[in-house]
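Whole structure, please, built from the sequences with the hints as guidance.
Chains A and B are the protein sequences, given in the same order. Residues in the first sequence are numbered consecutively from 1, following full-length UniProt numbering. Residues in the second sequence are numbered consecutively from 1, following full-length UniProt numbering.
Keep in mind that the hints are not guaranteed to be accurate.
No distinction is drawn between identical chains; accordingly, a pair holds when it is met within one copy or between any pair of copies.
[To be verified] Each computed SDA-like pair below joins lysine to any residue, with the alpha-carbon atoms no more than 20 Å apart:
1) K760 with L310
2) K695 with E778
3) K547 with L232
4) K324 with Y692
5) K547 with R758
6) K724 with T274
7) K695 with E770
These are calculated hints, taken from the structure and not from any lab test. Quick caveat: nothing in here was measured; it's all calculated off a predicted structure.
Protein chains: 2
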Amino acid sequence: MDDDVPLILTLDDSGSSASAPLDDLDREELPNENGGSYDIINDASSPAAGECCAQQSSARHNWEMNYQEAAIYLQEGENNDKFFTHPKNAKALAAYLFAHNHLFYLMELSTALLLLLLSLCEAPAVPMLRLGIFVHATLELFALIVVVFELSMKMRWLGFQTFIRHKRTMVKTCVLFVQFIEAIVVLVRQTSHVRITRALRCIFLVDCRYCGAVRRNLRQIFQSLPPFIDILLLLLFFMVIFAILGFYLFSPNHSDPYFNTLENSLVNLFVLLTTSNFPDVMMPSYARNPWSCVFFIVYLSIELYFIMNLLLAVVFDTFNDIEKRKFKSLLLHKRTAIQHAYRLLITKQRPSGISFKHFEGLLRFYKPRMCVRERYLTFKALNQSNTPLVSLKDFYNFYEVVGLKWKAKRNREHWFDDLPRTAFLIFKGINILVNSRVFQYTMYTVVAVNGIWILVETFMLQGGNFFSRNVPWSYIVFLTIYGVELLLKTTGLGPVEYLSSGWNLFDFSVTLFAFLGLMALAFNMEPFYFIVVLRPLQLLRLFKLKKRYRNVLDTMFELFPRMASLGLTLLIFYYCFAIVGMEFFAGVVYRNCCNTSTVADSYRWVNHTVGNKTVVEEGYYYLNNFDNILNSFVTLFELTVVNDWYIIMEGVTSQTTHWSRLYFMIFYIVTMVVMTIIVAFILDAFVFRMNYTRKNQDSEEDNGIVLEKEISKEEVVGIIELYKRSSAATETTQLQKLVLQMDKYGQMSTVFLGRRSRTKSDLSMKMYEEEIQEWYEEHSRKEESQTPLQEPASASNSSLKPLSLRQRSQTVI
Amino acid sequence: MDDDVPLILTLDDSGSSASAPLDDLDREELPNENGGSYDIINDASSPAAGECCAQQSSARHNWEMNYQEAAIYLQEGENNDKFFTHPKNAKALAAYLFAHNHLFYLMELSTALLLLLLSLCEAPAVPMLRLGIFVHATLELFALIVVVFELSMKMRWLGFQTFIRHKRTMVKTCVLFVQFIEAIVVLVRQTSHVRITRALRCIFLVDCRYCGAVRRNLRQIFQSLPPFIDILLLLLFFMVIFAILGFYLFSPNHSDPYFNTLENSLVNLFVLLTTSNFPDVMMPSYARNPWSCVFFIVYLSIELYFIMNLLLAVVFDTFNDIEKRKFKSLLLHKRTAIQHAYRLLITKQRPSGISFKHFEGLLRFYKPRMCVRERYLTFKALNQSNTPLVSLKDFYNFYEVVGLKWKAKRNREHWFDDLPRTAFLIFKGINILVNSRVFQYTMYTVVAVNGIWILVETFMLQGGNFFSRNVPWSYIVFLTIYGVELLLKTTGLGPVEYLSSGWNLFDFSVTLFAFLGLMALAFNMEPFYFIVVLRPLQLLRLFKLKKRYRNVLDTMFELFPRMASLGLTLLIFYYCFAIVGMEFFAGVVYRNCCNTSTVADSYRWVNHTVGNKTVVEEGYYYLNNFDNILNSFVTLFELTVVNDWYIIMEGVTSQTTHWSRLYFMIFYIVTMVVMTIIVAFILDAFVFRMNYTRKNQDSEEDNGIVLEKEISKEEVVGIIELYKRSSAATETTQLQKLVLQMDKYGQMSTVFLGRRSRTKSDLSMKMYEEEIQEWYEEHSRKEESQTPLQEPASASNSSLKPLSLRQRSQTVI
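As structure tokens, then:
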């Protein structure tokens, strides 16, 4: 408790405006002039002038502004927002605050989604969702107006100058303008024209605050492009040479349709790059001369097995490099943000650190939802020294510590601890049973047996009429076992703890669905008992026993958000191509559409009679069309998978012009880029993780970051007192409960555990440990070399500060 | 010359057996007892006993033995042969020398190739090469007897004990035994039986000295297997779950042939893993219910895009790790070999280094082809100190230095320097022209124009009758330009220098072929003028202007040997599978063979009349058969490329049993392993190279290792004197020429340049610079900890040495 005394004193000093007289210390406790860029706007009266009370309230007001600005700095650091977008005056601040909360973000997101989803209902619409032109155009106009409103808020916050300089926002404005005009044109003409610009709607989604990861991915893709294009040129160069050679070699063979013109030769070698037409393209020449296979083997060896892998190597290398640079710049950006915030929070008297009072003030703006207890714990976790102040060095850990979720170390271990003795013993027994290895392995065995059972049973079931039977006894047996397991676990662990594990949740839902399926079967409804086949997925748990799988699964979960954002990025590309595809190719393929093309078979759909038998020839490829956006997505996925994509291409080409091939080829190259990036990402992530594991072989067991802090009763009481005096007593109810509980159990202190899951950034921090120190030193050297320029400015007039901030921010980018 | 005096004295001391009397120094100059394991065998008379002359000759004899053993150690270090295979006595040494020269290696290789090539002529033979059973069985027996001879030599060298312990040799012996019996059975029965064991013939090739790289690759593949199999299990696990799910979901749809039984479901999902049947497998269910595409999208996303990449990541990671460990063990093995050799070459009197006399003796055995001048230059290059001795520290660089090719720094710059003045000026002018940038860029432009010309012309040439025309003028113009360029370059640079560049050689042959093609065209023979389309490959040179391409091309050339060995490894796998395929599937597919299967169309070959038109349906897949080994190789390549491989599989399956699928699936998995390794290799090599370039951005321009050494005239004369006295005067003719030349130009010294191309090992040395020091220290610590065990043994009885060597070698492996 000793080192908390000054802290309480500080809070006491300026926090109790009603009672205590101001001492000298408090009178001077104005924000350090390094910070406080709103000073000029907020207090017309100079801090030095005026009487005691006015000065005090002005000081407090100043502090509030400082807290807010510091919180904004920290937010900017976290979100990697450049500091030149920092709000510069009170009006801008209001707009900033308006535009930076989840309600606004949600509005942004939903408008963007609405605009994107409109393509479901527009012209080549999904049949069920078709809307009148008037309806969807109005909806679009409405969404666009909301976007205009959002943009105007942004302009208000950024100011016109910065707004113009912000590239992404400018592009968005232009797109908005075009979309607006087109929407009005549609409304006026009451008919839809060719609107490829709809493909640009994605930008509204990309610009959303929640899609930051997508923006990063896109940036990474564009940064990887130059080396990618270099190698692509090499690839195409070889392709052209082989196309000419192939044309000369194979065109004398008239039964070879693949090389009869140079264009065909080029197209077929492009398709061969994807292996999609492989043995077929070789066959006519191979039938004539077996040695012609050499041409294809050499081509594939060079292009597919060498240059394509080279492409991956180059992208992987660039990716690696970019990842590291990105991590570095993010880290330094955060550091700068912390420095800015720190300067706003220290006082003239004590420039060596931040007191709890000011830290608490910061957190009130930075994380309004955080309760007092958590604020205090965060402060304690940051504070490495024995003084009541958090120094700059401690404060650098802000981002690592602020994300921790604090929980009191349980006194009650189980939910049934308070039950009567007999019940307690029974539940305790169940708990021990459920947690025992024997029980777990028994369940694994049951699951494995069930898996094999299902496999064998399904294998015996050669006919398709397995649904008309009665419920087989094995189903009931296994379901009963699962039911009992579920019951035991729920009672043994308590429902809350049971469901807090992902795997248990999975078990629970699979069992529930299986049960529902059984019910349905019993009542002769469409049965979905087979959902129980998902149960063998539980065996994945068995995989966790082995270290490699544990690594793989852990990495998978850790990287899931990033994977999802990559998926979303791919979807955005899909959307653009789908719109373009729909505008040009909607309705061009149908049954028997392409009887004159080389891929006619795949589109043929005839019932003809041969002898006395009806033969149905079903070529399903007419289903791979661009008739609406959902179909387009499926078609594009098929193109992504690449196999037999040329059938789709040739089908469309035979119905339109041969320039259509460009669309498909460009799509192939774009997906190749994105897919290569995805492969590079997975490769990088896993190799990184495995290196990490190899480096830290001892400390591999912990999953997540855990921090332990002890709070004594006196500390809690002290904080309550402080809050009471500062007329914020409502916030302390939780603390009072804590005191009551401590009293009840007769404890003098409670231990709290702070937890959070480990992120890629944590791993990187550990991996680059040594380099990070170098970066910091290099960074602070740069800072220092800029300080002489900046110091006089901040000393003379704080209105010059935004400029100096901007200067500093440029060193970070 | 000062520091060479003691060296010449040493040579003088014991080198001149005829003239100089022995001094004390020489009398004691017996091999250090650390070395000399042949002492006991070679001199029955103890070195201490006997008279002066006998002792001297015995000493020299001892030295010769030491040189030889040291050379063997160094060879073992270079080839990564374990030291326990070191020859232990004179008989073993003779066998060792017999089995370690290029003649023997060539015999090994040609026997192995003969055995492999026999499959061209055996039972399902290539029609043109069919041989009678008697003939090929006799050939086989002959080859096998040669192998027996080789093995017996090896046994003689290794001794029975070591022979038994050497795993690879044992396997080879067993295979040999089986092959022998089978060959005799074939000869006796006069008919071939199912001889799958022929697939094992590869081992004879793999065991060849020249196929060391293949052995290393195979080892690497086997080492990468455990993690690979882990992830493969995960892959198959998901496959089974999806197969069951797919069966339940889609088998009610009777028009869906892909999921009607569990076996089909499994097979089709396996094929789907390769994307080979992709949109087709989805189509029937997609036609019925559009949402069924979700099943396939989820399956492909998990299996193809996630786990398959994971596979690559894991293999890449393992590969990286193995490469580093391999480099480390090779490095330390070489170091140990150098230590062993060093101990055999130092004398009792001067244990601090090796004198030139002994070094020269070593090189006489290690590199018999090296001339005296080069030996001396190597010695000088090794010797970093000012003393005439090469210390152990210097000697560690042996392998880096011994590979250098030494050439006197040119006095005459051009081949025409000795011509008369006028001619000289003309040639000099041509030389300057040819080397000028303008000329080069002009030629690039011509090549580019020619490339575009060919492209455009070929594009215009829509018909196939382009060979009946006259020779077009553009051909003649370009050919003339190329001819003139060739002429200018040859005269300007001199034919030798012109053809020493790979690119010039390429230009030359392309131009020559084009010219021959033109001649053929003029004389109405089958024209092959189109060879000139290869000329645009010259544009690759343009690519060299850009740094990334330069890196790529350099890396490509540096890694070509490794790539070739990987290709050979793949071919060995092909061979095994081809033999098995031929034994089981030869002749099972033919035209119209598979009319009952699902892939009937691809095998259908009919001329039928519809109306009054003959329709030819050509399904060429019957060509993808296992009818002889060449066809099998092509078929296996098609299976490697993966696209449409299931058509081949289903065709064969429909004619045999459905167990045949196992063959194809196993082949797919094996090629997947090898291909993943190849991708990992390319990835690793390029990423490594790019990291290297990034690390050494300043010194990137040099290609190859270059060392400069100056020899003064006195040194040369001294060496000649020494050799004359040691009655090896014939070896010094080159040196005498050098002296004459120096006299002619009045130089006091000549500068020599040692060059060699840079290997991966050099790059690794530079990359791991810091770690290498750690390895060395760790290694020498281990050595030291073993020394107490070993010292008394070598002191008491040198016949115990092989054992101690063996102990040491185990620390290396």
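Here is how each hint holds up against the structure:
no. : hint           : verdict
1   : K760 with L310 : between (27 Å within a copy, 18 Å between copies)
2   : K695 with E778 : between (26 Å within a copy, 19 Å between copies)
3   : K547 with L232 : between (39 Å within a copy, 15 Å between copies)
4   : K324 with Y692 : both (15 Å within a copy, 17 Å between copies)
5   : K547 with R758 : within (18 Å within a copy, 40 Å between copies)
6   : K724 with T274 : neither (72 Å within a copy, 69 Å between copies)
7   : K695 with E770 : both (13 Å within a copy, 17 Å between copies)
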